[in-house]
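Student: So you can see what is in the structure, the chains are spelled out below.
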Amino acid sequence: MKLARGTGGWRSGATLAIAGLCLVIAVALAVPPLWPHSAIATDFTATMQPPSLAHPMGTDGVGRDMLARFAAGARISLLIGLVAVVAGALAGAVIGVVAGLSRGLIDNILMRAMDALMAFPALMLAMAVTIGFGRGLQSATVGVTLGVVPWVARMARGETLRIVALPMIEAARALGLRRLQLVRRHVVPHMISLLMIQATSAYGAVILAVAALGFLGLGAQVPTPEWGAIITEGLEPALTGAWWVALFPGLGMLLVVTCTNVLSDRLRDVLDPRGSFATVRSR
Amino acid sequence: MGRFLLVRVFSGLLTVIGASIVAFFFMRMLPGDPARLIAGEYASEAAIEIQRAQLGLDDPFWQQYLTYIGDFVRGDWGFSHSRGQPVLDQFVAALPATLEIAFFAVALAFTAAVIGAAVTGWSRGGVLDGAVRASSYIGLGTAPFWLGLLVLIVFFERLQVLPGPEGRLSPGTAPPPRVTGFYLLDSLVAGQWSTWWDSLQHLILPGCTLALVIYAWLVRMMRSGVLEFVREPFALVARSKGRGRWGVVVRDVMPNALLPAVTAGGLITAELLTSTVLVETVFNWPGIGRLVTDAILQQDFAVVQAFIMVSACITVTVTVLTDLLYGVIDPRIRVRAT
Amino acid sequence: MTADRLPDAAPDVVAPLLDVRGLTKVFEARRARRAEPVVAVDQVSFQVERGETFGLIGESGSGKTTAIRCLLRLVEPTSGAVTFGGDDVLALSGPELRTLRARMQVLFQDPYSSLDSRMSVRDIVAEPLTAHRRMSRQQRRHAAEEMLRLVGIDPVFGGRRAHTFSGGQRQRIALARALILNPELVVLDEPVSALDVSVQAQIINMLREMQARLSLTYVVVLHDLAVARYFCDRVAVMRRGRVVETGPAIEVIDNPQHPYTQELLAAVPGRHGGEEETVHAPG
Amino acid sequence: GSNTEVEPAGESTAAEANGGRDGTLVVNILGAPTTIDPAAACGVNDMHLADNLYARLVDYGVEPGPAPGTTVFDPTTYEPSLAESWEISEDGLVYTFLLPDDVTLPSGDPIDASVVKYSLDRAMEMGLCGNSYLNDQFVDPPLIENTEAVDATTLRITLRQPNLNFLQALAQPAAAIVDPGLIEANGGVEPGTANEYFANNSAGATGPFLLDDYEPGKSAVLVANPDYHGEPPASERIHVNFITDTSTMLLQARNGTAHVSVGISKAAARSLEDDPCCTVMPFSSALALDIALNWDFEPFADVRVREALTHAFPYEDMLASVGHGYGEVFYGPLAPDLPGFSAELSQQREYDPERARELLAESGVELPLEFELSIPAGQEELAEFATAVQSVLADIDVAVTVREIAPSERAEILNSGAYDAIVIAGGPAMVDPGYFLAYDMSCASPSNITGICVPEADENWEIARQTHDEAQRQAYWDRVTEEWTAVSPKLKFWSIPAMVVMDESVTSLHHAIHPNFHSWQ
Amino acid sequence: MTGPATGVPATDHPPARIAPVLSVRGLNTEFATERGRVHAVRGVGFTLQRGERLGVVGESGSGKSALALSILGLIEPPGNVVDGHVWLNGRDLRTLTERQLNRVRGQEISVVFQDPLTALNPVRRIGPQIAEVITMHSDVTRADARRRAIDLLTDVDLPRPEQAYRAYPHQLSGGMRQRVMIAVALANSPDVLIADEPTTALDVTTQGQIMRLIDRVVAERHTAVILITHNVDLVADFCDTIQVMYAGQVVERGRCADVLNAPAHPYTAALLASVPSLEADRAAPLPTLDGLPPDLSIEAAGCALAPRCPLSAGRSECHTVSPPVVEVSGDRTWISRCHFASEQHSISRNQHAEVSG
Ligand SMILES: Nc1ncnc2c1ncn2[C@@H]1O[C@H](COP(=O)(O)OP(=O)(O)OP(=O)(O)O)[C@@H](O)[C@H]1O
Ligand SMILES: Nc1ncnc2c1ncn2[C@@H]1O[C@H](COP(=O)(O)OP(=O)(O)OP(=O)(O)O)[C@@H](O)[C@H]1O
Ligand SMILES: [Mg+2]
Ligand SMILES: [Mg+2]
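Protein chains in written order, with our numbering: chain A, 2 to 284; chain B, -8 to 329; chain C, 726 to 1008; chain D, 24 to 544; chain E, 974 to 1330.
Rather than coming from a laboratory, the hints here were simulated on the basis of the structure. One or more hints might be untrue.
Said to hold, decoys possible - Examples of chain C residues toward chain A, derived with CB under 10 Å:
no.	residue
1	829
2	843
3	845
4	931
5	935
6	936
7	939
As the list claims (entries may be wrong) - Covered stretches of chain E (chain C as the covering partner; in silico rule of three or more C-beta atoms under 8 Å from a C-beta of chain C):
no.	region
8	1049 to 1063
9	1108 to 1120
10	1315 to 1322
Here a beta-carbon is modelled for each residue, glycine too, at the ideal position from N, C-alpha and C.
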């Protein structure tokens, strides 16, 4: 019944979200090959230009075109988000399922380790990693991935325990299914949707974390047009009137993160198995 | 209850220890020689050697770790070479600033979130609910540092109604005599109205920036709680007793929806710590966040390491506390546990 | 199987299909909470003959479900003996246990949660085959459709997901799954209590038809005395983990000996019960 | 303020303008000291307070500055400070200082020769940066053979070898005179170790100001020292804010909350040029912006490659945009504001990408030439500069990767030579070409930070350092310059002026290599 | 609503005869869902006299709960009462404002729901949850309300009511919780009590106790009751009148004795037959209605039961004409919505004679 309410709004919300994401992806893909300016080429004759037709997002202090930088930044953010989320979700899922199925000592050790990782606010963990492994996008990616793992692992473990306790699994067990068959046929498929939901919502968080690292100078290095780093570059200009340097990357992030969050919520509404039981029951 | 408490505290402790190992591991991987950095670029080799020995950099990892933890527990959080001060002193000095903005932000965010969630429960999919949902999406999707910059551009650079990123008070304004360390309170205590007004003005932009992020998390959580509980039969029963829609939301649904929000304390704290670092940096707020970003710039890793450790401790502590608190305030657990 | 393990077995009668002796299950109290251990099943003994329908009745929490979960080895009983067709069920492990499970199937109470809502009903029904039989996909599919037809589901709907079916239909699907391995014994845990009365009758009819057709033995958990009387050959009345009365269904229900059974019976409202219960005249 | 009454009537506007100042001069300085112990201070940030808190034996001479009311230091002349006079022996090895007998510490103890000896010995014993400065980088063996308090008012310092810079060394913060009683009461002197207490506490009240309040990393409040041996400072009270954030610097300069801003960013300075709020003062300094090319990195071993790169940059354009027009382009070992500089010999290379390409082709280096350019982390201006370099070099098929490095790493890679090219924006602590080239060019010097040396010029450098006669010395420096430019050891861009912004209430300002607020008002 | 739907001419006034306490006319309720508009209650009408007990039976999804909520005006979006009147004590609840309705609910009409655990607010103590119904509707002091709440708890046979007053819902067993819910519902001695499956979630033995309790307390207060249940036997035991619902419509209503003896609607007949009784013949298969209940989002012509009805075979009007409401054997109080009500009636009579004979 939950679905019934305001479905139209939700559906159009999801459509809008997908449209928003597609827009950013399109910019990320299309601008670098098509746009005449490059993200790192400087132009000493056109520094700090406000947005104009020639430079729709203006230029920065060394005359780089901000649209080109925005697009390149979008590539970086979207890609890192994808890498971190996929890697983190995979690792987390494996850890969680193993912990959930093994119980006992292995479970304890794995989950303690996850707790230890989770004790840090995600950004702090990423900070430690980038400081340890050296600044840069690679270690930033590792850092944020590490932040995703424990959450997914905990979810996956909880889900594993929940699914294993479901009457459905008891039924399958009573039928004589093997453990591995159980995992493959029932546990994993039932977890996939939640995994997807969590991955989608982690995507936004990851993008923000990478940007925050860039902002702190621990992420992308000069002159990589990472969004967070661009915002840092735009800080001082913004206070002397050059608002355009920092504005667009932030807007881009807002768009991407909000869209993925909306999408993840919508996914949750559609995919959450508990939801689907509920609909049938009250029919 | 006693046993439950013990178990929870013990597991929290275990987590902190694990976290400290993780933090220590990464912070010890860093390139460059901390001894040289501390001794200075032109220091003699001998001086550097002495530094190394003092820092225990030649000891095996475990010993270094144990030494560090031992010192940490005893309140020796290392020496910040960038400011020539023990790290702990710096934290203590910066703490009131951070606490002030954090309290301000959390109070604001919590109030707004409760109102937002109640409105949601009342409007349920209506325009107002949509607005609440949108606001939470915006809060979740904005990078705090960018938002901070944005409000600075609007309210300081363009409209010039609020002060710029200059910390807690206008430069040249003397801080009020220290009682709590919170300027907003101290200036009241001292009756310094202009200082109070000044500190409030300075608090507004960073405070609201920080609050939006916290608000977004809180309202999201409470909202889903409210939407879940308004569908519960007891809400229907309350209505059948003759209570109005709004009354049901406020009296019957909200108490239920607020409870789970308590358990999010750990999450909120983590978010708060993270955002504080970013927001303080943008606004030059002289708190712990600013301290840390400065330290990052200066490669003063004693400070960063201490901060990472402390934030893990705080998060875990808050998580444990909220768990316990949940046990105290949720009758279902409270009664079972005692 | 040796006779000395079953000292009570009368040597002159054919050994029953299922022989449960002194079955006991104690749930240990959870550590963190101060709770007493729960004796869910307490020294339960009964025998089920081949081809009969044996009912376990009693109020909620009396240990019916736990008893059958024990004899299916879905939980490990604390003590007692279970013999099924001459095999000591509690001594089996691994592959032997799985083979045993093929002969001893189960149908759970809740048709909504005992089927994996993500799978097509054909896959659900064929699932036991993947665990126990070496068959090609085609063969499995064929067998599943055959079985679906048998329980009254049109095989053309085989591709649909379980959650698109009504409760009664789902219970049929679950039964098809339980029957596909040609089990000797089917354990039914409240097979109809989640269903509407009209559907309930359909399912009961079908269960009886299947029993006749496939010469099945049923152990069925019920709480509705009228249904028990109608459906079972013999019943055992359980209360707080113990069996308080056993005997042919008609005798036990029409002429209860134990006060608890009488109490149960008194609680049944009825249009056929004594007229003295009619309360008052309309105002 | 105590001086408002003696202010001439004509300056009443200024007095009105600083009416809100209530006597306190607010100074914003870029960067926070990591220590205020003069014996441990290394970087420029550590020296923000030293000259104000501690007396030294001698000080730099003073010249009128570029704007009315301003003065600048003269690195070539020295004036007595605490010492009333001094004598240098014929062989240049023995320095004898005559001290006043009426100067005391707040405790009442006189600041006599033993105090000075204690202070100098302390810096040397501790073996940190102060030791290096004091010995003009000759640390092994140390330049100073011994110090001796002959009597209460006579101090004798004996050197191992003659050194033209020694007076300048004594004008450095490293030669600050501290309070032995205070030191001994707080941990004394431990060889090889910095004293944690003095990292943020005054080590003695000997300078023009006392440290009234110090918040590490944030601010310091200085008040006039009543016991100061010289003229009392012009301002009774100075509030120094250490600013790490360039935008704060700009905002506070603009809205007048800081009367003087030292080290403001060039972009900010440019934006303030037309602002009536304040005056932008680019004081010339010995600092320069350059890129050190590591000769151990295969391609840079070839002089043609190095020369090619020098022709690749549109220096003027870059200075105008990236450098915001502050500074002066040049090519040579010495920055325009260092003694020994020759404008004629230090013409910047011509922007000629064609020639650059030809040279690269000639050298046979594999194209695209790839190298990593290290820059200090977190410095926006240098990041922009590196970006510009990267973009410009791309035109001649040279691919640059920029890497931001932390200070600790920087010291390490410089030490080990594990870098391709590194941006260096800086200058010598002692304004002397000999000192500067010791760490920037000389093969013989152990303190050569980049390890890039021009052996051809080494000999003349050595001679120049010993030459008393000014004209002769200049000739040697010119030769060094010629020999240096001939091999194009580095890329040189432009000199970096010290950017100071003051608001109209400031009437007197002195620019020295380290801030000296004595005459600021 | 049109006349045939309710069997009485449409008027906008309550029927004037002996004023019933509750009178429902032509009630229609719809839910907007993804699958379309689900017409859950279709022209339901009935009257209830003071102290009368009406049993509503029907299979899952036949609109019983929707009917109850529609009467109370508690249908929430996406649901909507599209049409109809609900006269309670002479006032049409459908014309009242929300504020006025709030005064009626809990005072003149109240409800007991199926699941006693979720029906009580889990984080509040039992006592205040009862006392607030009293304070909400009358000016009493807190102490008075408390006293009355404890009296009520005593009334519903809760052991140690003082203690129970301070308890949280989870500390009570299911049966006790349901007693509390009854106390809540009866706190202000309403004129009408709607009990929506009040015992389904309870144990067999507890069920009996609860029904006896309801029986006693409503008799004391002379409260009219609408008992919604799946269990025909329960209705037989407890109610005066039975109303059978199918697909959102009332298909048969009459005195229990009459209807249960010889139902005049095929659906009622099937419903009664499919429940095995304690005297059932074990050998015979249970009579069933094949097929599924109709999709309420489709407005089909003809009788809703037609596809499953044994009487409809070969009769076209079943599939094309919506059956009218007819009086059975000339009895005004016994109605059936079937083209062949009398035929069914006689079949049933014969069967009953056979069984008892
Ligand atoms: N996993 C478990 N851990 C602890 N106690 C349990 C567990 N499973 C069942 N119990 C307890 O065992 C007792 C018997 O439960 P069981 O489910 O067998 O009863 P039942 O007769 O099937 O009841 P119902 O009719 O409600 O299904 C109950 O008191 C229950 O609380
Ligand atoms: N909130 C809702 N949204 C959409 N449809 C609803 C909603 N509530 C009820 N319905 C629909 O209205 C119809 C009648 O439902 P109702 O709950 O009244 O049935 P019921 O007779 O009470 O069934 P049960 O015996 O299972 O309680 C069903 O088809 C149901 O799907
Ligand atoms: Mg059970
Ligand atoms: Mg219902």
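Student: Evaluate each hint against the coordinates.
Tutor: Each hint, compared with the structure:
1. 829: 8 Å, holds
2. 843: For residue 843(C), the interface hint holds, since the closest Cβ of chain A sits about 5 Å away, which is under 10 Å.
3. 845: 12 Å, violated
4. 931: Since the shortest Cβ distance to chain A is 19 Å, the answer is violated.
5. 935: Status violated, d = 17 Å.
6. 936: 19 Å, violated
7. 939: 17 Å, violated
8. 1049 to 1063: Violated - the region 1049 to 1063 of chain E has 0 residues with a Cβ nearer than 8 Å to chain C, which falls short of three.
9. 1108 to 1120: violated (count 0)
10. 1315 to 1322: Coverage by chain C is violated here, the residue count being 0 at a Cβ distance below 8 Å.
In this structure, the earlier hints numbered 3, 4, 5, 6, 7, 8, 9, 10 are contradicted, and the remaining ones agree with it.
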